[in-house]
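From just these sequences and the hints, can you work out the full model?
There are 2 protein chains.
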Amino acid sequence: MSSTPPRVTAVDTYDIRFPTSRELDGSDAMNPDPDYSAAYVVLRTDDPDGHQGHGFTFTIGRGNDVQVAAIRALSHHVVGRPLDALCADPGSLNRDLIGDSQLRWLGPEKGVMHMAIGAVVNAAWDLAAKRAAKPLWRLLAEADPEWLVSQVDFRYIADALTPEEALDLLKAGRQGATDRTARLVERGYPGYTTSPGWLGYSDEKLTRLARQAVADGFTQIKLKVGADLDDDIRRCRTARAVVGPDIRMAIDANQRWNVGDAVQWTNALAEFEPYWVEEPTSPDDILGHALIRRGVAPVKVATGEHVQNRVVFKQLLQAGAIDILQIDAARVGGVNENLAILLLAAKFGVPVCPHAGGVGLCELVQHLSMFDFVALSGTTEDRVIEYVDHLHEHFVDPVVVRQGHYAAPTAPGFSATMHASSIAEFTYPDGEFWVKDLATTAPESTQAPESTEQNGAAA
Amino acid sequence: MSSTPPRVTAVDTYDIRFPTSRELDGSDAMNPDPDYSAAYVVLRTDDPDGHQGHGFTFTIGRGNDVQVAAIRALSHHVVGRPLDALCADPGSLNRDLIGDSQLRWLGPEKGVMHMAIGAVVNAAWDLAAKRAAKPLWRLLAEADPEWLVSQVDFRYIADALTPEEALDLLKAGRQGATDRTARLVERGYPGYTTSPGWLGYSDEKLTRLARQAVADGFTQIKLKVGADLDDDIRRCRTARAVVGPDIRMAIDANQRWNVGDAVQWTNALAEFEPYWVEEPTSPDDILGHALIRRGVAPVKVATGEHVQNRVVFKQLLQAGAIDILQIDAARVGGVNENLAILLLAAKFGVPVCPHAGGVGLCELVQHLSMFDFVALSGTTEDRVIEYVDHLHEHFVDPVVVRQGHYAAPTAPGFSATMHASSIAEFTYPDGEFWVKDLATTAPESTQAPESTEQNGAAA
Numbered sequence: 001m002s003s004t005p006p007r008v009t010a011v012d013t014y015d016i017r018f019p020t021s022r023e024l025d026g027s028d029a030m031n032p033d034p035d036y037s038a039a040y041v042v043l044r045t046d047d048p049d050g051h052q053g054h055g056f057t058f059t060i061g062r063g064n065d066v067q068v069a070a071i072r073a074l075s076h077h078v079v080g081r082p083l084d085a086l087c088a089d090p091g092s093l094n095r096d097l098i099g100d101s102q103l104r105w106l107g108p109e110k111g112v113m114h115m116a117i118g119a120v121v122n123a124a125w126d127l128a129a130k131r132a133a134k135p136l137w138r139l140l141a142e143a144d145p146e147w148l149v150s151q152v153d154f155r156y157i158a159d160a161l162t163p164e165e166a167l168d169l170l171k172a173g174r175q176g177a178t179d180r181t182a183r184l185v186e187r188g189y190p191g192y193t194t195s196p197g198w199l200g201y202s203d204e205k206l207t208r209l210a211r212q213a214v215a216d217g218f219t220q221i222k223l224k225v226g227a228d229l230d231d232d233i234r235r236c237r238t239a240r241a242v243v244g245p246d247i248r249m250a251i252d253a254n255q256r257w258n259v260g261d262a263v264q265w266t267n268a269l270a271e272f273e274p275y276w277v278e279e280p281t282s283p284d285d286i287l288g289h290a291l292i293r294r295g296v297a298p299v300k301v302a303t304g305e306h307v308q309n310r311v312v313f314k315q316l317l318q319a320g321a322i323d324i325l326q327i328d329a330a331r332v333g334g335v336n337e338n339l340a341i342l343l344l345a346a347k348f349g350v351p352v353c354p355h356a357g358g359v360g361l362c363e364l365v366q367h368l369s370m371f372d373f374v375a376l377s378g379t380t381e382d383r384v385i386e387y388v389d390h391l392h393e394h395f396v397d398p399v400v401v402r403q404g405h406y407a408a409p410t411a412p413g414f415s416a417t418m419h420a421s422s423i424a425e426f427t428y429p430d431g432e433f434w435v436k437d438l439a440t441t442a443p444e445s446t447q448a449p450e451s452t453e454q455n456g457a458a459a
Numbered sequence: 001m002s003s004t005p006p007r008v009t010a011v012d013t014y015d016i017r018f019p020t021s022r023e024l025d026g027s028d029a030m031n032p033d034p035d036y037s038a039a040y041v042v043l044r045t046d047d048p049d050g051h052q053g054h055g056f057t058f059t060i061g062r063g064n065d066v067q068v069a070a071i072r073a074l075s076h077h078v079v080g081r082p083l084d085a086l087c088a089d090p091g092s093l094n095r096d097l098i099g100d101s102q103l104r105w106l107g108p109e110k111g112v113m114h115m116a117i118g119a120v121v122n123a124a125w126d127l128a129a130k131r132a133a134k135p136l137w138r139l140l141a142e143a144d145p146e147w148l149v150s151q152v153d154f155r156y157i158a159d160a161l162t163p164e165e166a167l168d169l170l171k172a173g174r175q176g177a178t179d180r181t182a183r184l185v186e187r188g189y190p191g192y193t194t195s196p197g198w199l200g201y202s203d204e205k206l207t208r209l210a211r212q213a214v215a216d217g218f219t220q221i222k223l224k225v226g227a228d229l230d231d232d233i234r235r236c237r238t239a240r241a242v243v244g245p246d247i248r249m250a251i252d253a254n255q256r257w258n259v260g261d262a263v264q265w266t267n268a269l270a271e272f273e274p275y276w277v278e279e280p281t282s283p284d285d286i287l288g289h290a291l292i293r294r295g296v297a298p299v300k301v302a303t304g305e306h307v308q309n310r311v312v313f314k315q316l317l318q319a320g321a322i323d324i325l326q327i328d329a330a331r332v333g334g335v336n337e338n339l340a341i342l343l344l345a346a347k348f349g350v351p352v353c354p355h356a357g358g359v360g361l362c363e364l365v366q367h368l369s370m371f372d373f374v375a376l377s378g379t380t381e382d383r384v385i386e387y388v389d390h391l392h393e394h395f396v397d398p399v400v401v402r403q404g405h406y407a408a409p410t411a412p413g414f415s416a417t418m419h420a421s422s423i424a425e426f427t428y429p430d431g432e433f434w435v436k437d438l439a440t441t442a443p444e445s446t447q448a449p450e451s452t453e454q455n456g457a458a459a
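Sequences listed follow chains A and B, in order. Just so you know, we're using UniProt numbering here: the first sequence kicks off at 1 and counts up by one. Just so you know, we're using UniProt numbering here: the second sequence kicks off at 1 and counts up by one.
There's no promise every hint is true.
If we take Cβ atoms under 8 Å as the criterion, some of the chain A residues that face chain B in the derived model are [what the hints assert, rightly or not]:
{"hint": "1", "residue": "Gly107"}
{"hint": "2", "residue": "Pro108"}
{"hint": "3", "residue": "Lys110"}
{"hint": "4", "residue": "Val112"}
{"hint": "5", "residue": "Asn309"}
If you are wondering where the hints come from, they were derived from the structure by calculation, not from laboratory data. For each residue, glycine too, the CB sits at the ideal point set by N, CA and C.
Below, the structure is given as structure tokens:
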């Protein structure tokens with residue numbers, strides 16, 4: 001036990017990869033063979049209570065090592081920080097990471113470097129919530145509105161949302177929060193499931209999983225589309241027949257189309273009454289989404305899992321380009337930027353339906369939606385969190401989904417902590433699983449064999 | 001000499017950093033202390049004539065190792081490719097790199113991974129031009145229009161530019177190309193200089209360098225602004241007094257402002273008649289640029305050095321958000337994507353004034369503007385290539401600027417090849433310069449000391 005105030009002592013990184021491509025889990029029109037992976041980071045501390053901050057970037061295999069390198073490039077901003085100051089103001093870390101002028105050149109605020117910032121910032125919030133002995137959703141929901149506003153970077157969004165407007169929204173959101181907390185704890189937050197709809201699944205598996213989804217209490221499912229129109233028509237017909245007219249059915253093209261194709265293809269599936277069409281084109285194409293939205297109504301347009309930052313979300317809202325805003329907990333710069341995005345969505349009155357699945361994305365993003373319900377938007381109407389039943393067993397506090405609802409987490413933190421045994425087994429290429437696997441198979445599905453990247457090293 | 005067709009035998013990468021921050025060269029409102037750097041790649045071959053392909057991503061110091069890791073992650077797509085097929089169709093490599101479904105998750109088509117693709121694709125074009133014994137501008141300008149169209153990825157831009165429209169533009173651009181080639185070879189391509197205007201320079205240095213710029217034959221200079229309005233007013237007044245009313249003076253805020261600030265600040269400098277205001281806000285803010293353009297006219301709005309891809313350029317043009325489009329040779333996915341962007345600019349009738357400077361950016365981008373002049377837009381009116389007199393001595397075929405004009409390169413290739421001695425000296429942290437430097441100074445200006453990145457290793 002040190003007599004100096006506790007600090008971050010090290011930033012450890014891990015290249016963790018799960019061989020999901022073997023089962024075609026997660027297969028869609030753009031991602032035929034993902035190996036769900038995490039560039040995982042642990043903020044080690046000398047906190048007398050032993051708390052550490054966990055975070056990660058989700059990737060789908062190759063390039064996870066690049067993401068790990070990016071996280072390491074940030075570590076000098078973190079090591080040595082006093083925990084009290086860091087946890088009292090995670091926004092200070094966020095500002096320093098975003099503001100590193102040399103690293104900023106590699107974005108700015110997008111792609112590999114920005115996701116690395118998100119991993120580190122989220123790890124700081126995990127640490128803050130653990131030290132506060134609260135699940136993150138509750139820490140945020142009970143926080144002072146002025147303090148929440150101080151956690152938001154208004155640069156580049158002030159033309160759409162001022163700090164004063166943000167404060168008003170958060171103060172209004174506080175009304176009735178106690179009742180909503182009680183409702184959330186009692187009933188959970190509604191989810192929807194993508195498990196039936198992966199492109200690589202047979203019609204038989206689609207039918208079986210769609211039926212199971214309804215039996216499990218979900219009121220919405222999602223199907224991947226965009227590779228072949230005849231296949232999509234058959235699969236949508238099959239799914240609609242199984243779930244009946246009252247279950248919402250979303251379709252997801254994973255950026256497969258040009259603007260014109262998106263309109264035509266979606267309208268060709270309109271008879272099956274898709275609730276929303278997701279990622280119809282490039283996530284960068286704000287004006288394209290606006291055109292598509294006008295061309296496919298009443299089918300709603302949703303996007304966000306690949307939207308790089310608050311600046312693009314701002315414009316999607318300003319341009320009236322989306323009906324549904326899909327935050328992702330690990331794509332943007334972490335909790336601070338997602339606060340900005342939730343506030344923008346609230347300002348524009350657009351419902352937030354988070355992207356999840358992958359590795360640990362459900363675990364993270366549930367906290368953000370639950371905060372939004374309790375203390376910002378105040379409603380779950382037309383709001384659902386994506387749910388995919390993959391890889392939860394690797395987390396110490398996995399999501400609990402009952403009757404189609406996410407149960408409110410009770411454990412302190414951001415639910416980001418992975419089991420040490422999982423890290424040990426699936427670290428690439430030196431974990432037990434990969435050592436065995438690489439000895440028997442060609443490694444090309446996840447990584448060029450000549451990589452010299454070290455895994456699990458402290459930085 | 002092998003009896004099999006020649007191939008790419010290895011992808012070598014180098015982390016090269018120049019200590020430019022010591023002189024405040026390159027200092028602006030967002031980048032106070034850049035160490036100009038290159039994540040450098042060499043496609044090694046067994047070409048009987050010994051040709052190799054050189055390319056790089058420009059960075060400003062920290063994170064250059066992340067960029068090197070990203071280039072390495074692409075190497076399995078390149079090693080083993082037959083050179084004849086690669087050089088006959090660099091677009092095939094471009095498609096494979098962009099289309100890697102696992103790596104795509106880290107973008108898509110933006111930031112670190114996309115710049116890595118640009119470095120590798122540009123190296124392939126360097127190789128193709130060397131094997132064709134032509135400077136790249138001439139290879140492109142003399143290429144068959146149908147073939148050029150085949151090199152463009154129309155995904156996500158077809159709503160603004162179809163392959164048929166691109167072909168028409170290129171066929172029209174071919175008319176008079178022989179005459180324009182002769183004019184280009186005789187007179188060169190106009191440039192402008194940013195050398196006087198770095199924020200870190202004293203008024204005396206600004207005055208001296210602005211006077212020198214006019215004496216050197218430049219008809220446009222550029223000043224960095226955005227840190228302090230009073231300073232900017234004084235510096236603009238000083239520069240305008242030195243250069244007189246007939247020299248164009250651009251100002252560059254390097255993304256410093258919100259939308260409202262950009263309008264106010266630019267208008268506060270209007271009395272000094274800036275020709276354009278560059279990067280007034282986030283490069284992601286298409287709608288913001290459109291607002292700014294309406295608010296600052298007749299001052300023109302320019303952006304592009306941080307614009308991530310053709311999808312964002314497309315929208316900047318569709319939204320009428322810019323007067324000047326600033327391509328960068330090493331920010332987007334390489335020559336193929338810059339062909340798309342030049343075609344978009346030609347379609348919308350917006351002049352292209354490339355970003356350059358840094359390390360080697362002048363060397364690369366001159367080829368693109370010269371192709372555009374000879375065989376696409378057909379004009380240099382209101383078009384200038386940025387010029388900064390830094391670090392050219394490290395290149396085997398450095399740019400030659402006379403009387404404010406870039407001389408047309410004559411050496412085969414993309415002018416990307418760095419001297420082996422420069423690579424050896426400035427490779428970080430094991431090159432001679434850095435070994436000596438790191439022994440005497442704290443390393444924090446360029447890199448966290450705990451980095452384990454290896455440099456110069458073959459991947």
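The hints, checked one at a time:
Among the interface hints, the one on Gly107 (chain A) holds; its C-beta lies about 6 Å from the nearest C-beta in chain B, closer than the 8 Å criterion. For Pro108 (chain A), the interface hint holds, the least distance from its beta-carbon to any beta-carbon of chain B being 6 Å, beneath 8 Å. Interface hint at Lys110 (chain A): satisfied, since its Cβ lies 5 Å from the closest Cβ of chain B, which is below the 8 Å cut-off. The beta carbon of Val112 (chain A) comes within 4 Å of a beta carbon in chain B, closer than 8 Å, and the hint placing it at the interface holds.
Of the supplied interface hints, the one on Asn309 (chain A) holds, with its beta-carbon coming within about 7 Å of a beta-carbon of chain B, less than 8 Å.
The earlier numbered hints are all upheld by this structure, with none contradicted.
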